[in-house]
Structures are given as C-alpha cells and as structure tokens.
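Chains as they are written, first to last, in my numbering: chain U, 1 to 227; chain R, 1 to 178.
None of the hints are false.
Using C-beta positions, here's what the derived DEER-type ranges look like:
no., chain 1, residue 1, chain 2, residue 2, range
1, U, G31, R, R51, 29 to 35 Å
2, R, E108, U, A52, 27 to 33 Å
3, U, A52, R, P81, 22 to 28 Å
4, U, A48, R, P55, 24 to 30 Å
5, U, L73, R, R75, 28 to 34 Å
6, U, E55, R, S105, 34 to 40 Å
7, R, N129, U, I106, 56 to 62 Å
8, U, E148, R, T74, 49 to 55 Å
Don't read these hints as lab results, they were simulated from the structure.
The beta carbon of each residue, even a glycine, is placed where N, CA and C say it ideally should be.
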Amino acid sequence: MSTIHPSNNGASERNSANADDLTGAERAIAGRLGVMGEASVPSAVQSAHLTAMAEQPVRRAGWSKLRVGAAFLAGLLIGGTGLGVAGALPSPAQSVAHDVLGAVGINVPEGTIYVACSDDFENHGAFVSANAKAMNEARSGARDADEEFDSRGGNRAAANDDCGRTDGVGAGNADNPCKPAHAGEGKPPWAGPGTVEEKQAAKDAAIADRPAECDEDAEAAEGDEEG
Amino acid sequence: MGSPGELNPADAYRRHAGRVLSYLRARGAAEPEDVLGEVFVQVARDARRFRGHGPTDERRWIFTIARNRLIDATRAAARRPVEPRENDDLRATPPPEPIDPALISALEALTDEQREVVVLRFVADLSLNDVAAVTGRKANAVKQLQHRALAALRRRLDPIDGDDELDLPVTPGDRTAL
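Chain R on its own, in the form it takes in the complex (with noise of 0.2 Å):
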C-alpha cells in the first residue's frame, strides 16, 4: 500500500472480510455472508476509486461500503417477502464461532445509532474518528453515544453494577435512544 488508489482485493478481502462479517452479524443482517460478498463485489469493481494511504484508510473505506450495502440489504428485505430458499449451500455452514449470546442480545436492545456506534468502534476495531468519518457525526457525538451505549450494555449485562448509569440525564443528541 503506497500511493493511493493500489489496493488489491483479494489481499482486502483476506485483511478486513473476518470483521466486516462480524460487524454484520452484529448488525443484525438477515443473510451476512450475501452482504460481505456484495461489499467485496463493490471493493473489487471500484479498488482503482480508492484514494486512500495504508490499512487505516483501506479499513475505514471498506467499512463504509459495508455501513451503505447494509442499509441496502435492510431496506430490500424490508420490500421483500419471505421465501424460502433454494440454494442453501453456503447458508449450511456451522454458525459464527465467537458467539456470545448475551452480548447480541444486549446489543439488540440498543438504539440503532448507538449499536451501530458500539458495533464499529469494537467489533470493527475503527477510531472514534473512523467511526466519525464512516457515519457522518462529529468525532464528539460518536463519543457520546459510545458511552450511552456501553453504559446500556453494562446495565444489561451486569444489572447490579449497572443501576448507577441509570439516572444519567438525556442529550438531544440522544433522544432516539429513549
């Protein structure tokens, strides 16, 4: 990765597919492998648009295009409805190893912005500022939101530690998480 715009898709794919698939998962999309593969069709039709220097830019770029054909993918579903499919082959594969249920129930809970916050900057391991530059908001709204939604999760998953968060005072910003 030297100068911008050579990226090889297969070594991406080989880099970065693992923790796009989990933040997927995460996500909650229906069929997270149909999507990871649509991220990569995209990352290797546009690899030449990409401007970008080293792994940080590469990865940020790469989640971006997952954040946009995940609000594609959620949207179709939506206007689709349900089949039952033919062609399970690659659906047959055992199910993601690193489950830990508790957590994706408590992530469930969560507001959609501050999932999608959490889930970026922990599952996809991306900078406040990545996860800023990805979604759209200020560095200090993520921030925001990143410790509304931990506090969330802490409360779900530790009740009795968690009861302190409970009375924290409510933003603007965060109004959609009430």
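In isolation and in its complexed conformation, chain U is listed as follows (with noise of 0.2 Å):
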C-alpha cells in the first residue's frame, strides 16, 4: 500500500520565495497553510482514480464545438423538414421547402389553391385575384364556424400556378400588331440625335407599318370617349 506525497517541486522554496512580502506573524500561518497541503492521496483512492482516468475516452482538440455545430445544422435541418412537411413554414420559406425537398421524394405541401383553374379566366392575374378572393370567402366562413384556417402559402401557390398564362407571358405586348415593331426593344427610332425631318420621317414609316384596323380601332375608342 502506498500513497501519493505531494511532489516538493520546490514548493517549500516557493512558498518562502511567496512569503517574502509577509510580517513574521503572517509567514508563521503561511507555513502552517503549507504543511496542510502535504496531504497525501490514499492508496485505495488513487487506485480507484488512475483506473477511472484511464477508462475515459480522450477528447479531442476542437471536437465538441464541431459537434455543436453539428448538432445544430442537423436541428436545423430536422426542425425545417418538419415545418415544412407541416405546411407551418411562412410562404416564401413554404415555397421554397415544397421545391427542395420535392427533388429528395418528400412530399411538401406548397399551399392551398382554392379555386379551380379554367378558360373563364383571362389571364393568370385573375386566375390569382379570384383565388385570393375565395380564399378569404373560406377565411370568414371558418372565422363564422370558430373552426381555425391557415391560409399560409395560398396567394404564394397561386402566383406559382400556370393557370392563365399563355406562351406570351412577359413579353408584353410584343405580339399585339398595333405596337410598332421597335415595341419592347428600346428607343423609337425617332428618339436621340437626328433633325426634325429625319425623326418626322421615322415616325411616319413606324405608322405606315400599323395595320390599317388598328388605326379603326384608336378612332372607335376615341369616339366613344367623347360621346
């Protein structure tokens, strides 16, 4: 059976050398500090401990902030998987969550449409307009029933539908023959440096190119504007 002595180490000496700036009386308690620090370890207990110290597993430098961030890209992860599978996520993030995760196989729902898309609608903006206005029909319904509703990701999921567009969708009105052809390309031709007759001359030929009904057509608008 042994025991463990504190190693001196010099301490002794250091504790001399750490009491220089002390009165007599207060070296005395110094040293009587001291002595109590000459405790020795008994052997069953350093036993005990060295057997512990040596079960542990070594932690390595800079492991357990990697597995902090670990751990929270992974909540991250698990917590926006489950909002978005829950439709709870706002409809930007809802959107984006029913792309993502589409492409991995889980099913996201992107928000409720809540009319249904066909030829009565003229463009895609009405088909939008008359989803957002059944949509708050079904809101005040629900309010009037006390029954709960979350419209989270119906406006988004209609202005994401293709109901209503037609191939020409962001081009303007490029293909409407009473634009002039320079439509959707920049300046007239009449526009920019150029004498008077040269820009009266282009914005003649730009006119000469309409078809005639279109001329028919501003007339007829204009009449009835007066009338």
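Hints given; two lone chains; assemble the complex.
Take a look at the structure:
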C-alpha cells in the first residue's frame, strides 16, 4: 500500500519566496497552510482514480465545437423539414421547402389553391385574384364557424401556378400587331440625335407600318370616350 | 513537458493530486476524494486540450479545473437531499494526516473569497498571478484579499498579537468580508 505525496517541486522554496512580503506572523500562518497542502492520497483512492482516468476516452481538441455545429445544422434541417411537411412555414419558405424537399422525395405542401383553373380566367392575374377572393371567403366562413383556418402559402401557390398564363407571358404586348415594330426594344427610331425632318420621317414610317384596323380601333375608342 | 499539449494524466495525478486534495479539503468540500476523482477524470479526458508549457502552467490548469469541479459539487450538494451512503469503502480511509484543527476552524471563519485566495496561494502553492488567473481576479485584488485573509487568520489563531489588525480600513473590494 503506497500513498501519493505531493511532489516537492520546490514547494517549500516557493512558499518561502511567496512569503517574502509577509510579516513574521503572517509567514508563520502561511507555513502552517503550506503544511496542510502536503496531504497524501490514500492508495485505494489513488487506484480507483487512476483506473477511472484510464477508462476515459480522450477528447480531441476542437471536437466539441464541431459536434455543437453539427448538432445545430441537424436541428435546423430536422426542424425545417418538419415545419415544411406540416405546411407551417411562411409562404416564401414553404415554397422553397416544397421545391427543395420535393427534389429528394419528401412531399411538402406548397399551399392551398381555392379555385379550379378554367378557361374563364382571362389571364393569370385574374386567376390569382379569384383565388385570393375565394381564400378570403373561406377564411370568413371558418371565422363564422369558429374553425381554425390556415391560409399560409395560398397566394404564393396561386402565383406559382401556370393557370391563365400564355406563351407570351413576360413579353408584354410584343405580339400585338398594333404596337410598333420596335416595341420592347428600347428607344423608338425617332428618339435621340437627328434633325426634325429625320425624326418625323421615322415616325411616319412606323405609323405607315401599322395595320389599318389599328387606326380604326383607336378612332372608335376616341369616339366612345367623347360620346 | 516540452511542446504544448503533451500532458500525461497519470504523471499529472502523481505530481498534483496531493495538493489538489488538500485544496479541496481546505475549501470545505463535502466529498473531497470524489471531487478529486472528477478533477483528474476531466484532466485525462481533456489532456490534449492542454496548451501550456511546463509544470507551472500545468498546475494552474489543473487547479482551474479543480475550482470549477468544486463549484459544481457544491451546487449539486445544495440541491441534493442528504442520504446515507451505501458504498463507503473509499470513505473508510483514515483522516487527512496534516490535521491542524485550529487552522481549519480559522479558515472556516473567512469569507469565501478570502478562503479561496489563501488556500490557492499557500495550500495549493500557486503564485499571486496564478491565483489571479484561476479565480479571474486582478493580481492586486488577490494580494489585498490575501493580506486581509492572513490578518483575519492571525486574529483567530493569535488573538492577542492579532488585535492590531482590527482597525483596517474597509475597501470596496472587500465589503463581502464584513
């Protein structure tokens, strides 16, 4: 049975040096305290401790930070996926979750569309507007019936739908024959440098290129306004 | 002990366990041997994180761990109801040999701050700067606490000669001592 005694390591010398600025009485007390520090560890305790220490896995430096970071990312992923599947994300995030998680086979609702698409809608805007109106009516009905109603993502889903869209979406009125040929391509030919005569000639040429029915439609519209 | 991070836990135990145990006893730990075990288990676990050079840094690092584990143990003991222990094999060990009942009693009369400083300084045998680093105080504050602690111990241990210390002025940093 052996016991561990604190190694000297110059302890007594250090204590003496530490006590340089002490009075005689204080130095004596410091000495008594130093003696207290010379306790030994009982061998049974020592053996138990060394065994427990040997069983400890050594932690790598920085490993815990990596684990915290990985746990945070995993939490974000799991939490975000859960909210997305429940349809509880704000509509832009819900739409992103729908696209991203849909790519890996997780079915995430994008939002509810409240009207059926049909040819009755003149364009896409009419469809989105009708959807918003139907959604508001549904919300009012739910409120009257004291039922819960979740409209999150509804407008976004309608906006992302192709109902009412045509091939010319985003091209403005480029296919309108009544528009001049330069429509959507920047300044008209008569804008910018040039003489008055040159500009007027370019303007006349553009008008001459328009089909005759366009002028008739314009005149009829002017007549309606005056009437 | 050459480059940073090279620390053999078993060697560190042999070098420092005695003083750490003395420190824990002097600070009034309820189960000093248990806390000592927790300290060196953490030392073994975190040995690769040690970034110091030489025995001084090693001692300061280990006493920082000891101080933190002691704080944890004190808080845990405060929350835990007192229960009789079933396995008292280790506690059947003889009491610590350098017993100085009068000194222990005088230490108990100090404030926590004073006791911490004076025990780290003279029982654990750390320098003023090391005590400051372990406790997170400035060296001057440690020196002042040490001075007041020694004066208080002197009054307790030697009441006749220690009376001249009774009229020390009170400073803001030492209000808790009163």
